[in-house]
Structures are given as C-alpha cells and as structure tokens.
Amino acid sequence: MAQVQQRDQAAFDRLVGRHLPSVHRYLTRMTGSPADADELAQETFLRVWQRAGSYRPGKVRLTTWLHRVAHNLAVDRLRRRRHDVDGPDHDSHEEPDDPGSDPQALAERADTRRLLHTAMSRLPATQRAALLLCQVQGFSNREAASILAVTVRGLESLIARGRRSLRQALLQAEGDVNAATNPEQEDSDHDTA
Amino acid sequence: MTQPEFEAALDRWGTDLAHWPARQARLAEACLAASADARRSLAAARSIEAYLANLQQHQLPAGLAGRITSGITHQRPDTMERLLAWLSRAFWRPAALASVLLVSGYLTGLSTQDGPDTDFADSTAALAFTDLYRELDDVEQ
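If you're matching them up, the sequences are chains D and B in order.
Residue 6 in the working numbering sits at position 6 of the first sequence, and the numbers go up by one each step.
The number in the working numbering is simply the position in the second sequence, starting from 1, with 1000 added.
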C-alpha cells in the first residue's frame, strides 16, 4: 500500500488482483446485482487510488479499510434505490448441485436456498452486512464493527437479529408447506406438542 | 431452558454446541432431547449456516480487474492530490514550499505598500478651510 501511496501503478495492479475478488463478492451479496457490484468495485478502487494518502497502515488492516469504502458505496447505492432488491434478479449466482444426490433432496435444498435468498435480500442492509462480513467475508466481530461504524455489542445484536429473521422465514415456509401438503398431520403434530 | 431461550442462544452462539458456554450447552442438549420445536430450530439454523457458507463461492467477472486498472491509468489525480503527493515524497519539499510562500507574501506586502494617502490629505484640508471659503463667498456677495 505504501507503494500505491507513491503512485506506483504496478503496485496498484497487484492490490486490485489481491483484493478485488473479496470486495466484489461483498458488493454482489450486498446489492444483489452483479452489474451494480461491477460498478461499485470500480468506484471503490478508484477512491483507493485517489485517496491512498488517507490510509493509515498501523490503524486498520488494508482489507478492512477497503471493505469500509465498499460498504459505504453499497449503502449509498441501496439508499438511492429506496428499496431493497428482491426476486430472481438478486444475485444470479447459484452454487452447483451435487449430481450424486437424491433428486428430492436436491429440490428441497434448492427451495431452501431460494427461500433464504429472498429472506436475506429483505433483511435491513446493516443486518445483511453484519452477517456477510462475519460469516462470508471472514472478518472478526471487531473488524466488522469497525467497517459498519458500530460497537462490537451492536454488531453482535445485528447478527443475532439477522439470524433470527432468516430462521423465522425458513420455519414459516416449512410450516406453510406442511400445512398445505398434509393438514391433518400438521394438526396432530400440534396436538401431540 | 425454554424454546425462546434456546433460540436466543442459537442466534448468539451458532449451531455448534461445542462453542457454547458449558452450562448453556448442557441445558440446550436437554432441551433438544425433549422438544421437537428446538430440533426444528436447530435444523433451520444449520440450513442458514450452510447457505451463508455457500455464499463464499463467487465468480469474478472476466476482465473486471483489467477494466479497473486501465481506468485508473487514464484517471489524472486532481491538483490538490498531486500537490500532496509531491509534498509527501521528501522532507525538504514542505519546507521549500513554506519558504516560497513566505517570501512571496513579503514581496507582495512590499509592492502594495503606499506612501501617504494624498487624496485623504487633500480632503482633510478642504474640510478645514470650508468655513473660510464660505466666509469669503459671503464677503464677495
């Protein structure tokens, strides 16, 4: 980074190569739009180039600083959109299914994934960011709190609320499916419980 | 441990009971053995963790890194940015800039310094003699 601060183009190329995958993944998951993620990733690195002098090496890790820039840009973009993205446009990336699995299990897993996808896109942006930073991007709670400009306790609360919302969405959907497919069984389950 | 307590702990510490405080983990195990709802909550939480872990897989669009770096090459830093970069490269540069500003300020001050304000002196004299002129006008009339 010191070389980037000295306007070393080759050092900047290396920095982009090293950090772009992670920053782009975060932006894609946050905005739900690969096109927005491309644009915001470019903007993130442009700002890094223009404001490299404001980075203080001993204070935070470079990746934390980069994610803070990216997060602020993502939040601005979401705010401008005025509503969270939803549905099939939200992150077209799907992981490949295991070809050896049972078809019914595969279908159930795909349904669960779609459902969680929708639930995730409906979370408030800060809860989504907290879950992504800690459970996908691999930041410690302290680093994630620094990126989101909240306390560690505040971050833990965001994570817990995000998990709860996702779990409730999942259980609600399972309950709906059970009720639709086997209403008598559902009734007897409640009776025995 | 009640169902809400179990779920709150699940949200806080995750699905691996080995990472829970020992006492809470023992209570959770008892809760899981007794409650189908608790088992359903744990299964849902595991699905969520698997989903989040899966989000780590990500395909970077081809050519994006190249577009970013070539875009930066054509981006000229603004004047202030260039000045700051120039100043930060060597210790003597900020000192030299300060000296230049000091000398130019001194020279500017010298060049704009006027002598006595003659217009002001004339107008003051005119005021002083106003009454005398009026009296002379009266005499002439």
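Just so you know, the hints here were simulated from the structure itself, not pulled from any lab data.
There's no promise every hint is true.
As the list claims (entries may be wrong) - Some chain D residues close to chain B (C-beta under 10 Å, calculated; not the full set):
(1) D13
(2) S33
(3) V69
(4) L73
(5) V75
(6) D76
(7) Q137
(8) S140
(9) L171
Glycine included, every Cβ here is placed at the ideal spot set by N, Cα and C.
Status of each hint after checking the structure:
Restraint check, D13/D versus chain B: the minimum CB separation of about 5 Å is within 10 Å; hint holds. With 10 Å as the threshold, the beta carbon of S33/D stays out of range of chain B, its nearest partner Cβ sitting at about 12 Å, so the hint is violated. The restraint placing V69/D at the interface with chain B is violated, with a minimum CB-CB distance near 13 Å, outside the 10 Å limit. Here the hint on L73/D is broken, as its CB sits about 14 Å from the closest CB of chain B, past 10 Å.
Using the Cβ-Cβ criterion of 10 Å, the hint placing V75/D at the interface with chain B is not satisfied: the shortest such distance is roughly 19 Å. Because the beta carbon of D76/D sits about 19 Å from the nearest beta carbon in chain B, more than 10 Å, this interface hint is broken. Among the interface hints, the one on Q137/D holds; its C-beta lies about 8 Å from the nearest C-beta in chain B, closer than the 10 Å criterion. The interface hint given for S140/D is violated, since its Cβ lies 15 Å from the closest Cβ of chain B, which is over the 10 Å cut-off.
For L171/D, the suggested interface contact is upheld, since its CB lies about 5 Å from the closest CB of chain B, less than 10 Å.
Checked against the numbered hints listed earlier, the structure breaks hints 2, 3, 4, 5, 6 and 8; every other hint is satisfied.
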